[in-house]
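There are 2 protein chains.
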Amino acid sequence: MTNDLSPPHRMALSARIQAVQSPIIPVIGELIRANPGTISLGQGIVHYPPPGEIVSRMAEAMADPARHRYGHVTGLTPLLEALRAKLAAENGIDSEGREVVVTAGGNMAFVNAVLAIADPGDEIILQTPYYFNHEMAIRLAGCTPVLVPTDGDYQLQVEAIREAITPRTRAVVTISPNNPTGAVYEEAALRAINALCAADGLYHISDEAYEYFTYDGARHFSPGAIDGAAAHTISLYSLSKAYGMAAWRIGYMVMPGALLPAVKKIQDTILICPPVPSQLAALGALEAGAGYCRQFLAPMADVRHLVLEELSRLGPRITVPAVRGAFYAFVAVDTDLDALALARLLIEAYGVAVIPGTTFGMTEGCYLRIAYGALQRETVAEAMGRLTKGLAALVG
Amino acid sequence: MTNDLSPPHRMALSARIQAVQSPIIPVIGELIRANPGTISLGQGIVHYPPPGEIVSRMAEAMADPARHRYGHVTGLTPLLEALRAKLAAENGIDSEGREVVVTAGGNMAFVNAVLAIADPGDEIILQTPYYFNHEMAIRLAGCTPVLVPTDGDYQLQVEAIREAITPRTRAVVTISPNNPTGAVYEEAALRAINALCAADGLYHISDEAYEYFTYDGARHFSPGAIDGAAAHTISLYSLSKAYGMAAWRIGYMVMPGALLPAVKKIQDTILICPPVPSQLAALGALEAGAGYCRQFLAPMADVRHLVLEELSRLGPRITVPAVRGAFYAFVAVDTDLDALALARLLIEAYGVAVIPGTTFGMTEGCYLRIAYGALQRETVAEAMGRLTKGLAALVG
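Protein sequences, first through last, are from chains A and B. Under this note's numbering, the residues of the first sequence are numbered 1 to 396, in order. Under this note's numbering, the residues of the second sequence are numbered 1 to 396, in order.
Mixed in with the good hints there might be a few duds.
As the list claims (entries may be wrong) - Ranges between beta-carbon positions, derived for each pair:
| # | chain 1 | residue 1 | chain 2 | residue 2 | range |
| --- | --- | --- | --- | --- | --- |
| 1 | A | Gly52 | B | Leu308 | 47 to 53 Å |
| 2 | A | Gly37 | B | Glu60 | 29 to 35 Å |
| 3 | B | Ser22 | A | Asp302 | 49 to 55 Å |
| 4 | B | Ala15 | A | Asp200 | 18 to 24 Å |
| 5 | B | Glu60 | A | Gln295 | 24 to 30 Å |
| 6 | A | Gln295 | B | Gly121 | 50 to 56 Å |
| 7 | A | Ala15 | B | Ala290 | 38 to 44 Å |
| 8 | B | Ala192 | A | Ala231 | 49 to 55 Å |
| 9 | B | Ala290 | A | Thr379 | 43 to 49 Å |
| 10 | A | Gln18 | B | Ala15 | 21 to 27 Å |
| 11 | A | Ala392 | B | Glu90 | 55 to 61 Å |
| 12 | A | Glu364 | B | Gly121 | 33 to 39 Å |
Unchecked claim - Computed footprint of chain B on chain A; a stretch qualifies when at least three of its residues, placed anywhere within it, have a C-beta under 8 Å from a C-beta of chain B:
| # | segment |
| --- | --- |
| 13 | 63 to 71 |
| 14 | 108 to 117 |
| 15 | 264 to 275 |
Stated by the list, open to error - To spell it out: a stretch of chain B is covered by chain A in this simulated footprint if at least three of its residues, at any positions, have a beta carbon under 8 Å from a beta carbon of chain A; those stretches are:
| # | segment |
| --- | --- |
| 16 | 44 to 58 |
| 17 | 103 to 113 |
| 18 | 257 to 266 |
| 19 | 271 to 282 |
It is worth saying that the hints were derived from the structure and are not from the lab. All C-beta atoms in this analysis are idealised placements derived from N, C-alpha and C, irrespective of residue type, glycine included.
With the hints as extra help, turn the sequences into a complete structure.
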């Protein structure tokens with residue numbers, strides 16, 4: 001053992017970091033740069049800017065010298081109050097007796113939760129396909145992601161989740177509307193998972209970053225609204241998608257009060273406080289409100305329709321389960337090509353970029369994630385033309 | 001073992017988080033609020049605002065819709081270029097062949113470093129008194145802080161550090177100018193530590209957040225500038241202190257290129273990218289340059305003089321080693337009172353707040369940290385009057 005710890009070994013990267021997958025997004029980005037003119041259906045962002053007021057409101061508030069100093073570790077009081085009001089009005093979550101913490105983006109809220117509740121070797125249940133940063137965060141924490149496949153429509157498989165629980169399980173994670181599939185989970189299934197967690201003494205971590213993005217009458221449901229959910233439900237949100245303000249890095253979490261001392265320690269250590277200018281901008285965004293986002297939903301639904309129609313014209317080797325949320329389509333391709341190889345061919349020969357499913361944990365079969373939120377309709381139309389042409393030629 | 005994992009236990013806070021100390025700052029903050037009129041010598045910040053241009057420059061740049069989207073994981077190119085120029089001109093660090101990464105504050109840069117190089121059970125050497133967030137980050141990562149006392153002048157004890165190295169050691173941390181002591185480490189000692197690390201295959205993590213705050217001819221020295229330091233030195237910086245912009249949360253790190261894949265994974269998982277508006281503000285601050293900070297140094301040196309003079313009038317039970325940096329005095333008090341009890345008495349009976357040394361790892365003896373950067377001269381004078389009166393009465 002001592003031999004293994006001789007100098008060259010000691011300067012190696014930590015084992016924990018070697019267990020974390022390399023992000024695929026930069027790899028695809030590199031291929032895009034190497035193939036000018038490529039249209040990207042890769043980026044998980046919206047095409048619209050934030051409400052214009054946020055910059056000016058923020059600039060105004062920053063005239064107060066105190067606003068350049070550290071803020072409170074959990075966030076600015078007026079923002080926390082606005083978030084509690086939003087949670088009550090939109091999510092049905094009465095946050096009294098729970099704690100709300102502002103974070104530098106939704107990812108950090110997930111990291112806070114994992115570090116607070118799980119030790120190295122503990123298990124956290126993810127659904128596959130998973131959101132890659134969740135899987136990376138669990139490994140970074142030295143914990144084990146336990147992967148439960150969703151069904152053919154990318155919906156939760158409650159019994160399979162129940163069977164995956166072991167004495168080391170600490171939490172079940174659900175994301176609805178889902179990244180990368182776009183699935184909006186059924187209320188009944190989310191209630192079943194939440195009850196399962198309550199019965200087994202597990203946390204239910206509910207990531208709702210895409211809460212406003214639903215179509216065809218699908219309704220977003222917040223498990224934190226369930227009676228009895230307060231003591232074991234950790235709900236995660238982001239302003240990045242809804243308000244087109246990913247650059248500002250503001251998310252938040254609602255959680256049992258018992259977790260607050262832990263999350264304060266973590267956030268003090270990693271961040272000290274969420275960036276104050278971004279919090280002031282977030283306050284401006286919340287004043288604009290959900291209506292700001294909703295005005296873009298009808299055009300986005302139209303783009304979604306175009307994407308699904310284009311895909312439906314492909315043959316039986318391309319499967320697109322019916323989903324009604326977010327701004328993703330997660331396509332199963334019946335081919336012997338691996339997903340990264342297929343994505344590379346689509347960029348190099350057809351000028352269109354999508355994200356290979358392997359990065360979302362789909363190591364069996366070939367899957368592609370198509371993101372249609374970042375582009376204008378005509379650009380999506382052009383991109384989908386290239387994609388369907390490419391898929392028809394390569395695997396059709 | 002299975003019994004221990006029954007539901008109530010499973011919902012407990014993680015062991016890792018239970019091993020992390022509770023931040024003391026909020027405890028002192030609570031006492032201050034409960035005792036109105038208290039003057040705080042507790043806050044580790046400067047009294048001056050950032051250069052005025054940063055808000056307007058940032059607001060201007062944010063008119064570009066692309067600036068509201070995710071930025072690159074390691075930071076915006078023009079900011080990285082400005083930081084490389086600053087490192088060359090001011091720190092003597094040729095960053096070619098090294099990597100520069102922007103973070104959401106200096107703390108996050110430290111967390112990035114620890115997670116990248118150390119696994120649970122690994123050891124990282126800190127000097128005592130330590131900066132509490134360093135100790136907390138090491139425990140959060142499941143690693144062990146190995147504590148080496150500084151000498152009577154709060155200077156490095158190179159031989160003691162050498163003796164503390166074991167096969168599990170991964171890094172030696174130095175902070176100069178130091179928080180909480182204000183000590184500026186001797187160049188020779190920093191060179192010795194850096195050489196020791198090179199010889200033993202360890203990283204030297206050099207935290208230089210207070211680099212501009214030196215007095216009485218003391219010179220800041222960056223270990224990253226040493227010939228041969230590039231492959232094992234991780235240098236950490238912050239804009240929070242120098243530019244009075246703690247609220248914006250911008251720090252950065254310079255490190256061996258071999259660490260970049262690890263730090264990209266960590267930062268992608270925790271943060272995705274540093275907040276873009278804050279980065280644009282940071283760019284504005286760097287355009288103002290170090291001269292902006294330096295104009296406040298003469299008045300701060302004057303305040304420092306006042307603090308030291310007041311303390312020198314106390315009896316032999318109060319010891320104040322001579323230090324020449326940051327904006328702290330770390331005072332040893334010869335008393336049977338524990339430091340928190342003494343701090344509480346000073347707030348409640350004398351209306352002045354300082355930070356107890358226990359939070360910096362000084363569990364033997366009674367120490368107090370006095371921070372004089374956040375207040376105007378006349379307020380510091382009043383606070384020091386209260387403090388010396390209180391100390392004279394309580395322990396004099």
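Here's how the hints hold up against the structure:
At roughly 51 Å, the beta-carbon separation of A/Gly52 and B/Leu308 lies within the given 47 to 53 Å, and the hint holds. The hinted range of 29 to 35 Å is satisfied by A/Gly37 and B/Glu60, whose Cβ atoms lie roughly 31 Å apart. Distance hint check for B/Ser22 and A/Asp302: the Cβ-Cβ separation is about 52 Å, which falls inside the suggested range of 49 to 55 Å. Under the hint 18 to 24 Å, the C-beta atoms of B/Ala15 and A/Asp200, about 20 Å apart, fit the expected range.
At about 26 Å, the CB distance of B/Glu60 to A/Gln295 agrees with the hint of 24 to 30 Å. For the pair A/Gln295 and B/Gly121, the beta carbons lie near 53 Å from each other, so the given range of 50 to 56 Å is met. About 40 Å separates the C-beta atoms of A/Ala15 and B/Ala290, a value consistent with the hinted range of 38 to 44 Å. Our hint of 49 to 55 Å for B/Ala192 and A/Ala231 holds, since their Cβ atoms are close to 54 Å apart.
The given range of 43 to 49 Å is respected by B/Ala290 and A/Thr379, whose C-beta atoms sit roughly 45 Å from each other. At roughly 23 Å, the beta carbons of A/Gln18 and B/Ala15 sit within the given window of 21 to 27 Å. The hint said 55 to 61 Å for the Cβ distance between A/Ala392 and B/Glu90, and at roughly 58 Å that hint holds. Between A/Glu364 and B/Gly121 the CB atoms are about 35 Å apart, so this pair conforms to the stated range of 33 to 39 Å.
Coverage of the segment 63 to 71 of chain A by chain B holds [criterion: at least 3 residues with CB-CB distance below 8 Å; count 7]. Under a criterion of three residues with beta carbons nearer than 8 Å to beta carbons of chain B, the stated coverage of the segment 108 to 117 of chain A is upheld, 5 such residues being counted. With a threshold of 8 Å between beta carbons, the proposed coverage of the segment 264 to 275 of chain A by chain B holds, since 11 of its residues qualify and at least three are required. For the segment 44 to 58 of chain B, the stated coverage by chain A holds: 6 residues have a C-beta nearer than 8 Å to a C-beta of that chain, and at least 3 were required.
Residues of the segment 103 to 113 of chain B lying with their CB closer than 8 Å to a CB of chain A number 5, which satisfies the three-residue condition for coverage. Residue count for the segment 257 to 266 of chain B with a Cβ under 8 Å from a Cβ of chain A: 7. That meets the three needed, and the coverage hint holds. Residues of the segment 271 to 282 of chain B with a Cβ under 8 Å from some Cβ of chain A number 9, which satisfies the need for three, so the listed coverage holds.
In summary, this structure violates none of the numbered hints.
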